[in-house]
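S.K.: Listed below are the residues making up each chain.
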Amino acid sequence: MSRSKALTMADAPYVFNKRTTSSLMWAMALALMPALGWGVYCFGLVATLPVAASICAALAGEAIASGLRRRFTLLDGSAFLTGLLVGMAMPPGISPLIPAAASLFAVLVVKGAFGGLGSNWMNPALAGIAFSLLNWPAQMSAWSLPHQLAGVSAVSGASPLSLARSGSLDFLGAVKTSGLDGTITDGLNRAIFSPLGADLPGGYVDLFIGNKAGAVGELSALLILAASIVLIARRMIRWEIPASIIAAFGILTWTFGGLGMGKGFFEGDILFSLLTGSFLLVTFFMAPDPVTSPSSRLGMIVYGAGVGSLIFLLRAFGSSPEGSAFAVILMNCAVPALARLDVASSRKRGSRLAEAREGGGDNAHR
Amino acid sequence: MRPSRTFRQGGIRIEADFEWDQHGPAKNAFLPNGAVLFLKQHAGKQARCVVRRGEYVREGMLIGRGDGPLSANVHSSVPGVVRDIRMAALPEGGTAEAVVVALEGAFDRLGRKGERYLWKSMGRVEVLSSLRDRGVVDTEAPGIPLFDLLGERKEIGLLIINGVECEPFMKAEEYLLRDKGAEVREGISILMRILSPRRTVLATSLAQAPSLPEAEGESLELLSLEPKYPQDMPRQLLEAVDSSRKLSLEDAVILRPSTAFAVYEAIVLAKPMVERYISVSGAALKRPSVLKARIGTPIGDLIEECGGFLGPPARLVLRSALRGHSVYDLDVPVTKTSSAVIALDSAEIGSQLKTPCIRCGRCAEVCPEHLDPDLLFRLVERGMRARAAELRLGDCTTCGSCGFVCPSRLPLVSAFADEARRGREGGR
Numbered sequence: 001m002s003r004s005k006a007l008t009m010a011d012a013p014y015v016f017n018k019r020t021t022s023s024l025m026w027a028m029a030l031a032l033m034p035a036l037g038w039g040v041y042c043f044g045l046v047a048t049l050p051v052a053a054s055i056c057a058a059l060a061g062e063a064i065a066s067g068l069r070r071r072f073t074l075l076d077g078s079a080f081l082t083g084l085l086v087g088m089a090m091p092p093g094i095s096p097l098i099p100a101a102a103s104l105f106a107v108l109v110v111k112g113a114f115g116g117l118g119s120n121w122m123n124p125a126l127a128g129i130a131f132s133l134l135n136w137p138a139q140m141s142a143w144s145l146p147h148q149l150a151g152v153s154a155v156s157g158a159s160p161l162s163l164a165r166s167g168s169l170d171f172l173g174a175v176k177t178s179g180l181d182g183t184i185t186d187g188l189n190r191a192i193f194s195p196l197g198a199d200l201p202g203g204y205v206d207l208f209i210g211n212k213a214g215a216v217g218e219l220s221a222l223l224i225l226a227a228s229i230v231l232i233a234r235r236m237i238r239w240e241i242p243a244s245i246i247a248a249f250g251i252l253t254w255t256f257g258g259l260g261m262g263k264g265f266f267e268g269d270i271l272f273s274l275l276t277g278s279f280l281l282v283t284f285f286m287a288p289d290p291v292t293s294p295s296s297r298l299g300m301i302v303y304g305a306g307v308g309s310l311i312f313l314l315r316a317f318g319s320s321p322e323g324s325a326f327a328v329i330l331m332n333c334a335v336p337a338l339a340r341l342d343v344a345s346s347r348k349r350g351s352r353l354a355e356a357r358e359g360g361g362d363n364a365h366r
Numbered sequence: 001m002r003p004s005r006t007f008r009q010g011g012i013r014i015e016a017d018f019e020w021d022q023h024g025p026a027k028n029a030f031l032p033n034g035a036v037l038f039l040k041q042h043a044g045k046q047a048r049c050v051v052r053r054g055e056y057v058r059e060g061m062l063i064g065r066g067d068g069p070l071s072a073n074v075h076s077s078v079p080g081v082v083r084d085i086r087m088a089a090l091p092e093g094g095t096a097e098a099v100v101v102a103l104e105g106a107f108d109r110l111g112r113k114g115e116r117y118l119w120k121s122m123g124r125v126e127v128l129s130s131l132r133d134r135g136v137v138d139t140e141a142p143g144i145p146l147f148d149l150l151g152e153r154k155e156i157g158l159l160i161i162n163g164v165e166c167e168p169f170m171k172a173e174e175y176l177l178r179d180k181g182a183e184v185r186e187g188i189s190i191l192m193r194i195l196s197p198r199r200t201v202l203a204t205s206l207a208q209a210p211s212l213p214e215a216e217g218e219s220l221e222l223l224s225l226e227p228k229y230p231q232d233m234p235r236q237l238l239e240a241v242d243s244s245r246k247l248s249l250e251d252a253v254i255l256r257p258s259t260a261f262a263v264y265e266a267i268v269l270a271k272p273m274v275e276r277y278i279s280v281s282g283a284a285l286k287r288p289s290v291l292k293a294r295i296g297t298p299i300g301d302l303i304e305e306c307g308g309f310l311g312p313p314a315r316l317v318l319r320s321a322l323r324g325h326s327v328y329d330l331d332v333p334v335t336k337t338s339s340a341v342i343a344l345d346s347a348e349i350g351s352q353l354k355t356p357c358i359r360c361g362r363c364a365e366v367c368p369e370h371l372d373p374d375l376l377f378r379l380v381e382r383g384m385r386a387r388a389a390e391l392r393l394g395d396c397t398t399c400g401s402c403g404f405v406c407p408s409r410l411p412l413v414s415a416f417a418d419e420a421r422r423g424r425e426g427g428r
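Protein sequences, first through last, are from chains A and B.
Those letters in the first sequence? Residues 1 to 366, per my numbering, in order.
Those letters in the second sequence? Residues 1 to 428, per my numbering, in order.
Simulated from the structure, these hints should not be mistaken for lab results.
Careful, some of the hints might be misleading.
[To be verified] The calculated lysine to aspartate or glutamate pairs, modelled on EDC-like cross-linking and capped at a C-alpha distance of 20 Å, are:
{"hint": "1", "chain 1": "B", "residue 1": "K45", "chain 2": "B", "residue 2": "E115"}
{"hint": "2", "chain 1": "A", "residue 1": "K18", "chain 2": "B", "residue 2": "D133"}
{"hint": "3", "chain 1": "A", "residue 1": "K18", "chain 2": "B", "residue 2": "E19"}
{"hint": "4", "chain 1": "B", "residue 1": "K120", "chain 2": "B", "residue 2": "E183"}
{"hint": "5", "chain 1": "A", "residue 1": "K18", "chain 2": "B", "residue 2": "E92"}
{"hint": "6", "chain 1": "A", "residue 1": "K18", "chain 2": "B", "residue 2": "D329"}
{"hint": "7", "chain 1": "B", "residue 1": "K354", "chain 2": "A", "residue 2": "D11"}
{"hint": "8", "chain 1": "B", "residue 1": "K27", "chain 2": "B", "residue 2": "E183"}
{"hint": "9", "chain 1": "B", "residue 1": "K271", "chain 2": "B", "residue 2": "D133"}
{"hint": "10", "chain 1": "B", "residue 1": "K286", "chain 2": "B", "residue 2": "D329"}
{"hint": "11", "chain 1": "A", "residue 1": "K18", "chain 2": "B", "residue 2": "E15"}
[As the list claims (entries may be wrong)] Label pairs and their calculated CB-CB ranges:
{"hint": "12", "chain 1": "A", "residue 1": "G260", "chain 2": "B", "residue 2": "K354", "range": "31 to 41 Å"}
{"hint": "13", "chain 1": "B", "residue 1": "G394", "chain 2": "A", "residue 2": "G260", "range": "50 to 60 Å"}
{"hint": "14", "chain 1": "B", "residue 1": "H23", "chain 2": "A", "residue 2": "W121", "range": "25 to 35 Å"}
{"hint": "15", "chain 1": "B", "residue 1": "Q352", "chain 2": "A", "residue 2": "D186", "range": "55 to 65 Å"}
{"hint": "16", "chain 1": "B", "residue 1": "G394", "chain 2": "A", "residue 2": "L271", "range": "33 to 43 Å"}
{"hint": "17", "chain 1": "A", "residue 1": "A344", "chain 2": "B", "residue 2": "K354", "range": "24 to 34 Å"}
{"hint": "18", "chain 1": "B", "residue 1": "G308", "chain 2": "A", "residue 2": "L74", "range": "33 to 43 Å"}
[Claimed, not checked] Which chain A residues stay away from chain B? Per the calculated CB distances, all over 10 Å, these:
{"hint": "19", "residue": "M33"}
{"hint": "20", "residue": "I246"}
{"hint": "21", "residue": "G260"}
Nothing here was measured: the structure is a model prediction, and the numbers come from that model.
Ideal placement from N, C-alpha and C gives every residue a C-beta, glycine not left out.
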């Protein structure tokens with residue numbers, strides 16, 4: 001066989017979708033860059049410190065874990081993404097040691113010790129965030145205002161969520177608003193809300209754009225939502241989980257959220273609740289982590305509803321104003337149970353299909 | 001407008017990384033200097049060799065006689081001298097005897113206008129035995145001889161002529177329908193005469209339905225289906241064609257247009273199955289085209305005729321990029337069921353790095369059989385066969401959709417194929 005060439009043999013299929021696990025991870029990290037960039041713009045270069053420390057620690061942790069497992073996984077993007085998400089949840093002025101410790105814990109203990117990517121049962125980034133919330137509660141709530149609100153130097157201020165939690169009735173009034181907020185709110189009121197007989201109070205536009213005190217990467221709802229829309233459209237995030245979190249959380253907040261503020265039923269402030277704290281980042285980037293969430297549609301919806309309800313409960317009755325991280329971790333524990341729903345729904349679909357194909361005829365080819 | 005009718009569950013879209021070179025009709029490939037004719041190009045046992053080394057054979061002369069059920073006659077595709085009879089590796093695995101014919105002498109048929117046989121006066125049995133004599137097999141793997149496939153079937157519910165090509169690597173059926181529409185149509189008429197189906201459908205994945213001549217007293221429905229993979233597989237085809245969902249696969253016969261064309265040649269021109277249309281494509285090729293090639297032509301010859309490789313191909317595949325076989329050798333010959341030769345470059349293959357499953361659920365989304373490949377894979381890996389069978393592993397057609405989308409590149413399809421093989425061998 002003179003013309004024989006050494007070609008590799010393998011089983012079908014021989015062509016593949018371009019998307020791999022690591023391209024997925026890197027795409028998510030890339031999508032988060034605008035939100036992080038906004039945080040750096042607001043707080044100055046000092047805000048890059050916790051993020052850089054967190055990413056470095058995560059990569060170091062992955063290097064150790066991959067050395068122990070003798071499998072090179074450093075560049076699969078998973079550890080980078082974990083580090084990035086942990087860093088983005090940190091207050092801007094925090095000591096870099098805290099995010100570094102959190103990321104090491106996330107990558108080495110939560111992910112590495114269970115066997116690495118795909119084997120962890122708890123979202124590593126959220127575990128890292130929860131780790132620092134529990135160990136350094138004071139530092140984790142040392143918020144500062146963006147410089148466009150505070151003047152030249154960053155001044156420490158309470159985050160909108162903690163203000164609301166402290167029982168201040170007029171929490172939006174307690175938050176400084178920017179000139180931009182006033183302009184846009186006025187414009188919106190004149191163009192849309194007044195003709196409808198409604199009135200948008202000042203402050204929401206700042207919350208939406210990200211003119212508020214908060215964590216480095218969680219400021220701008222606008223940029224996080226834009227990134228999420230892109231990732232959902234490219235089917236990198238499954239929409240079922242965020243949608244059911246928002247639905248459950250929104251309904252509970254609207255129904256009961258007003259009670260704590262001295263208002264009645266059905267007077268909760270959904271918009272405020274959705275736009276503050278780490279809600280959006282957790283909802284779109286951490287709760288739908290495929291490794292730690294169910295994979296059937298029914299399972300995802302139950303899981304999302306659980307997360308949304310727990311976020312509401314933890315925010316309303318928990319010891320800290322933010323409960324998103326713990327809510328997702330608690331639902332992570334329920335995923336093995338929810339996996340039974342996956343199997344059940346797969347079997348149900350199967351029997352429906354068999355029925356549609358009329359019994360015995362479906363095993364014969366032609 | 002893109003056709004939108006299709007099967008319901010799952011499926012994938014495969015985008016092409018290359019452009020077809022050709023606009024006119026399919027080119028005739030050069031005749032092979034040495035045709036390698038496998039005596040097994042069909043589902044059943046290898047045909048019995050009826051020639052000896054050194055013997056002179058004419059074009060279309062019988063060289064192997066079908067041996068029992070599912071075995072078919074094999075004819076020489078070129079005139080020449082039998083240079084060798086040897087065992088050779090079949091592309092789909094295993095070995096079989098092959099007759100090597102060195103091209104020599106004159107052609108009886110090439111370039112001559114043959115006589116037309118009037119099949120309308122022939123009886124059903126006569127037509128079937130002609131098909132058997134001329135070695136006509138289903139052009140879709142595994143190549144069931146039409147005599148066996150059609151012999152017991154009569155007054156069926158549905159005859160589907162499957163012109164659907166949902167992989168970007170395939171265009172042979174499309175070319176055949178365009179170049180030889182009238183011949184394919186007459187082949188369909190013969191098939192309709194044998195099967196007397198209540199309904200006959202020509203399904204394609206073309207935006208524009210092919211124009212075929214009308215035949216008196218017959219109705220052939222033309223149907224355009226969305227080019228979604230695996231639309232060309234039996235269950236998905238039936239689901240898209242039979243919208244009432246009353247028929248099962250047992251009521252239907254599915255054949256390719258190329259099979260109808262072979263039937264036409266065998267019955268009307270009394271010509272044995274010695275050539276076929278074949279797609280030669282893939283991003284590693286200079287000029288991807290559809291060729292009409294003699295059975296036995298080495299695929300290396302076809303690749304040369306398509307301008308050769310652009311660079312070193314990452315993989316050579318026969319028949320289908322999702323459920324075909326990879327070959328390592330350019331001397332592998334064209335057989336009756338070789339519908340495509342695909343030379344893939346490394347970009348088409350993409351990353352081969354296996355990573356752990358992240359349970360993204362894409363495999364279950366695309367599975368056309370409503371299975372949960374991720375769960376089945378874990379069960380198979382742990383040897384939990386009964387549980388896997390309970391979750392309908394037996395329904396897997398190894399179409400390859402789950403493997404195509406898996407971002408972790410898990411060997412899902414080979415695990416399921418191994419399991420199916422084991423099941424067959426175990427006599428389940």
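S.K.: All hints are to be evaluated individually against the structure, with a verdict given for each.
M.R.: Comparing the hints with the structure gives:
This hinted pair does not check out: K45(B) and E115(B) have alpha carbons roughly 33 Å apart, beyond 20 Å. Between K18(A) and D133(B) the CA atoms are separated by roughly 47 Å; this puts the pair beyond 20 Å, and the hint is violated. Of the pairs offered as hints, the one joining K18(A) and E19(B) holds, with about 19 Å between alpha carbons and a cut-off of 20 Å not exceeded. Between the alpha carbons of K120(B) and E183(B) the distance comes to roughly 15 Å, so the proposed pair stays at or under 20 Å and holds.
Annotation: proposed proximity of K18(A) to E92(B) is violated, straight-line Cα distance about 27 Å (limit 20 Å). Our distance criterion of 20 Å between C-alpha atoms is broken by K18(A) and D329(B), whose separation comes to about 27 Å. For the hint pairing K354(B) with D11(A), the CA-to-CA distance comes to about 14 Å; that is within 20 Å, so the pair holds. Distance restraint check for K27(B) and E183(B): the Cα-Cα separation of roughly 17 Å lies within the 20 Å cut-off, and the hinted pair is therefore satisfied.
A C-alpha spacing of about 10 Å is found between K271(B) and D133(B), which places the hinted pair at or below 20 Å, so the restraint holds. With a C-alpha separation of about 19 Å, the suggested pair K286(B) and D329(B) falls inside the 20 Å cut-off, and the hint holds. With a C-alpha separation of about 10 Å, the suggested pair K18(A) and E15(B) falls inside the 20 Å cut-off, and the hint holds. The hinted range of 31 to 41 Å is not satisfied by G260(A) and K354(B), whose Cβ atoms lie roughly 51 Å apart.
Under the hint 50 to 60 Å, the C-beta atoms of G394(B) and G260(A), about 56 Å apart, fit the expected range. A C-beta distance of roughly 57 Å is found between H23(B) and W121(A), which places it outside the suggested range of 25 to 35 Å. Taking the beta carbon of each, Q352(B) and D186(A) are about 58 Å apart, inside 55 to 65 Å as hinted. Checked against the given bound of 33 to 43 Å, the beta carbons of G394(B) and L271(A), roughly 52 Å apart, lie outside it.
Taking the beta carbon of each, A344(A) and K354(B) are about 30 Å apart, inside 24 to 34 Å as hinted. Checked against the hint of 33 to 43 Å, the pair G308(B) and L74(A) passes, with Cβ atoms roughly 40 Å apart. Against chain B, the non-interface label of M33(A) holds: every CB pair exceeds 10 Å, the least being about 21 Å. Taking the minimum C-beta to C-beta distance to chain B, about 20 Å, the non-interface status of I246(A) holds against the 10 Å cut.
Against chain B, the non-interface label of G260(A) holds: every CB pair exceeds 10 Å, the least being about 38 Å.
Checked against the numbered hints listed earlier, the structure breaks hints 1, 2, 5, 6, 12, 14, 16; every other hint is satisfied.
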